[in-house]
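Protein chains: 2
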Amino acid sequence: MTHLTVTPDTAGITDVPGFEAAGVPCDLRQKNDPKRLDLALLFSLRPCTAAGTFTKNTVKAAPVLLCEQHLAEGGTFHGIVANSGNANACTGADGLRDAHATAQRAAASLNLKPSSFFVCSTGRIGQPLPMDRLVKGLERAVSEKGRTPAHGRKAADAILTSDTRAKTVTVTFTYDGKKHVVAGLAKGAGMIQPNMATMLAFLATDFSVPRSFLQKTLSEAVAGTFNCISVDGDMSTNDTVLILANGYSGVSVGDKSPRELRVLFAEAVWKACDALADKIVSDGEKITKVVEVRVAGAASSEDAEKVARAIGNSLLVKSSWNGEDPNWGRLAAAAGCAGAKLNEAKLDIFYNDTPAMTAGKPHADLKPKWKEIVRARRFTVTLNLHLGKAGYRLLATDLSEGYVNYNKSE
Amino acid sequence: MTHLTVTPDTAGITDVPGFEAAGVPCDLRQKNDPKRLDLALLFSLRPCTAAGTFTKNTVKAAPVLLCEQHLAEGGTFHGIVANSGNANACTGADGLRDAHATAQRAAASLNLKPSSFFVCSTGRIGQPLPMDRLVKGLERAVSEKGRTPAHGRKAADAILTSDTRAKTVTVTFTYDGKKHVVAGLAKGAGMIQPNMATMLAFLATDFSVPRSFLQKTLSEAVAGTFNCISVDGDMSTNDTVLILANGYSGVSVGDKSPRELRVLFAEAVWKACDALADKIVSDGEKITKVVEVRVAGAASSEDAEKVARAIGNSLLVKSSWNGEDPNWGRLAAAAGCAGAKLNEAKLDIFYNDTPAMTAGKPHADLKPKWKEIVRARRFTVTLNLHLGKAGYRLLATDLSEGYVNYNKSE
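As given, the protein sequences belong to chains A and B, one line each in that order. Read in this note's numbering, the first sequence has 918 at position 129, and its numbers run on one by one without any break. Read in this note's numbering, the second sequence has 1180 at position 391, and its numbers run on one by one without any break.
No lab work stands behind these hints, which were simulated from the structure alone. Heads up, some of the hints might be wrong.
When chains are identical, the list treats them as one kind, so a pair holds in a single copy or across two.
Stated by the list, open to error - Distance condition first, Cα-Cα at most 20 Å in a straight line; then the derived EDC-like pairs of lysine to aspartate or glutamate:
hint, residue 1, residue 2
1, K1197, D1114
2, K1150, D883
3, K1135, D883
4, K1078, E1190
5, K1197, E1161
6, K845, E1091
7, K1060, E1081
8, K1156, D921
9, K820, D798
10, K1197, E1081
11, K1197, E1113
12, K820, D1114
13, K1158, E1081
14, K1075, E1190
What you are looking at is a predicted structure, and each value in this text was computed from that prediction instead of being measured.
Could you put the whole structure together from the sequences, leaning on the hints where they help?
The following block contains the structure:
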C-alpha cells in the first residue's frame, strides 16, 4: 500500500527536482515600495509538458490570452513569469504586446523560445504594465534564480496580493522504490482586492507526462477543488492554473501506465490542488468562517451545484454566518432561489450532523446545538433534497463588514 | 392632452373611492411591543376583480400559496389581510392551515366568502404564526377600519419590517371629465431583515377592469419596475404584488376601451409600481447609493438583463460604490462573468454621460469627473456592448458594512 504525504507550507516548486525559482521586488505597484516582492520566475532545467485551466470570464486579461495561445501551440515549456500588483487586464492591444514582450525577454535571457514561457499577472485592472520596471526585475530574477527552499518561498511570496500568507504545498509518494513529487504555490481568489483580481496556482511534477494525460488529470482536479470554492462569487479576468511536468525522475505516467501509478498521480495532483484551494478560502479577505456546503439528493448535478452556489453566494446567508446565527430559514430561501428542482416538503437541512429541518419541518428544540456548531471557525451545512442521487460540495465563506470596508476603494 | 399626477407619500389605498383600511398592533413579533402596528386590513365596499404576481422562489410561503389558489379560483375579492413580524414561511401544512384560517376569520367577520380575501405575511421564516394574537388583531381591524387618510396610513405602517418609512403613492388622471385613481402601498424588498423576507405591494383602482386585462396590465408593469430592482440579489419566499379593481367609478377599462384610456390606465399602474419600487430601493437596508445600471447594445434582452444583474449583484462592485470609488474595471470584470455575449474591444462604459472606457480603452484623464459623479447619492452607469439592439435597466444599491452588521443575526 502506497501512501501520499501532503505537506503544507513548504518551499513549493523548488521541492520538485529540476525546478528553480526566484522572487524579486520591482515596485510594479509604483507605490515606492522597493522591498515588496512582486515578480516570480519559475524555471525548469529541462523542457516540460504543460496543461492549464483558465477563467471563464468573457473579459480575459492579456496574459491569459498568451497562456492559452502558447498551450494551443503545443510545444514544450520551460517556465512561468508571474507578477503581482498589476493584472494587465482591460489593457487592449498594448497589454497583449506587453505580455508577449515579457515572454520574449525571459526567453532571450535564457536562450529559449518565447513560446516556452507562460506569463501570468494579478493586481489592478486597467493600468498599463510598467514594462521598464518589469524588465529590470526579470533580469534580476534570471540572475538570482536557484533551487533552494528560500528561492521557492520568495517566488510564493512574490505572487501574493491581498493574501495574508504564502500558499504552498508538497505532495510526495513512493512508487516502485522511487520518490515522486507534485508541488505548487498559489495566491488568493474570490477575496479580490480593490482592482485586484485573480486566483493563480502553479503546480509542478518530476514525472514525464504526455500533454493530453496531464490536461485531463489537471482538469479533473481543478473541477473538484479550485472550481468548488467561493468567497464573493466574482470570477476574475486572470484566474489561471498551470502544471508543468519536467520528467526529471525519468519515470513516465500516462494512459498506458499501471492503474496504481495513474491513480496515485491523479490523487497527488488532486491533493495538491485541494490543499491550495483550501488555503485560498481560509485566507479569504477578512473572513471569519469557512463553511462546507454539501448538497445531496439533487435531481441532477447541475441542480446540486446551483443550490450549493445559491447558498454560498447569498449575502443574507453569508452575513448570518458572520453573526454566528444558525439561520436555516435563509438557507431554505436561498436554495429556493437557485432555479433547481426542489420540494420544500422533502427538504432536510443539517448543521454538521444535527438536523435543523427534516422533510420540511424545523427542529426548533435543537437550536442550542446549531448555535454551538456555527460558533466554530469551520462547519458544514448539508441540504438533502431527496429528489435524486446527485450531489455537490462547495467551500464557502462568511461576509464580514471588514470585506466591505477593504473593498471600498483602491 | 391628459396628464397623470403622481403623488408620493399619500394615504395610499384610502385615496381610492370605495376602499377602507385599518392598521392595528397585535404583537406578532412576540417581543412585548404592544404599540407597533403589525396587521393591516384592506377592504373594498364592492366586490373587486384582482390580479397578482408572486415570488419565483421554489420555496413559497403559505400565504403565497393561498393567494395563488384564490386567484386561480377566479371569483371576486373584497380585500387583503397582511401581517408583518412573521412570514409564515417554511411552516409546512400548519402554516397553510393558519393562512386559510386567517382568510376564513376575516370573511366570517364581514359575512363574505373566505375566497374573497387574500392573505400576505412578512417577517421571520420558520416560526408558527401566533394565531390567537392575529385573530384578536383581525377583529379589532374589522371594527376599526375606515376610509380616512389616517386609516390608509396606519395600514401602510402595519406592513413594514426593516423599512425606515412607509411607502405609498397615488396616481390620478382625468378622462372624459371624470377623475380616476390608482393608489398603493408597499414594504421593502431585497433589503431583507434577519429572517425577514419580503417585498409586498398592494394596489387599488376605482375602475372596473376585467380580470385578464388587469393581470396583463399588472404583469407588464411589474416586469419593468419591481422586477428591475436589486438590493442583495436574494429573492424572498413571500414576494407578492396584488391589484384590486372595485369599479366604484362606474367606468370600465379593458381590451375594447378607447386606446387613449387603455394607455392612460396602463401608464397609471406602471407609474404607481415604479414609484413604489423606487421607494423600496431608496429605503434599502443601510444603503448609501442608488445606482441605475443601464445596459445597451446587447445581442439579446436576456444578455442585457444578465449583464445588468451581474453588475448590480457583484459584491466587489457594490463595495466600490459604497466607497465612492469609480472602479470601472470591476464593472467590466462583472460584465464578463455574466455569461452573456460580450466583446471587450467593443465595450463602452459611462458614469452618467462621462466615458470611463470606449471600445475597450480607458479614458484615464476623465477620472476626476468619474470621482465626482459617484459621490452623488444617485448616479447611472451605462454599458454599451455594441453587439445588438437589446437593453435593460436595473435599479441597484451599494453594499455597506451596516448591511452586514444588520443581517448578522436575528
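Exercise for the section: Pop the pair K1150 and D883 into one bin, within, between, both or neither, using alpha-carbon distances up to 20 Å. Expected result: This pair counts as between: shortest inter-copy Cα distance 10 Å, intra-copy 59 Å.
Practice task
Give the relationship of K1197 and E1113 under a CA distance limit of 20 Å: within one copy only, between copies only, both, or neither.
Solution key: Answer is between: at 7 Å across copies they meet the 20 Å cutoff, but 24 Å inside does not.
Handout entry: Within, between, both or neither: K1135, D883 at alpha-carbon 20 Å
Key = Answer is between: at 15 Å across copies they meet the 20 Å cutoff, but 56 Å inside does not.
Exercise for the section: Could you place K1197 and E1081 in one of the four classes (within, between, both, neither) given a Cα distance threshold of 20 Å? Expected result: Cα proximity of K1197 and E1081: across copies only (19 Å, versus 27 Å in one copy).
Handout entry: Homo-oligomer pair classification [D1114, K820; C-alpha up to 20 Å]
Key = Classified as between; 19 Å across copies, 41 Å inside a copy.
Practice task
Measure nothing new, just compare the shortest in-copy and cross-copy C-alpha distances for K1156 and D921 to 20 Å and report within, between, both or neither.
Solution key: neither (60 Å within a copy, 25 Å between copies)
Practice task
Indicate which option fits the pair K1075, E1190 if close means a Cα-Cα distance not exceeding 20 Å: within, between, both or neither.
Solution key: So K1075 and E1190 pass the 20 Å test inside a copy (8 Å) and across (12 Å) alike.
Handout entry: Status of E1161 relative to K1197 across identical chains (alpha carbons, at most 20 Å)
Key = between (33 Å within a copy, 16 Å between copies)
Exercise for the section: Could you place K1060 and E1081 in one of the four classes (within, between, both, neither) given a Cα distance threshold of 20 Å? Expected result: within (17 Å within a copy, 45 Å between copies)
Problem - Up to 20 Å CA-CA - E1081 versus K1158, copy category - result: The answer is within: 18 Å in one copy meets 20 Å, while 44 Å across copies does not.
Practice task
Up to 20 Å between alpha-carbons, please classify K820 paired with D798: within, between, both or neither.
Solution key: neither (29 Å within a copy, 51 Å between copies)
Problem - Within, between, both or neither: K1197, D1114 at alpha-carbon 20 Å - result: between (26 Å within a copy, 7 Å between copies)
The structure fails to meet hints 8 and 9 from the earlier list, while all remaining hints are met.
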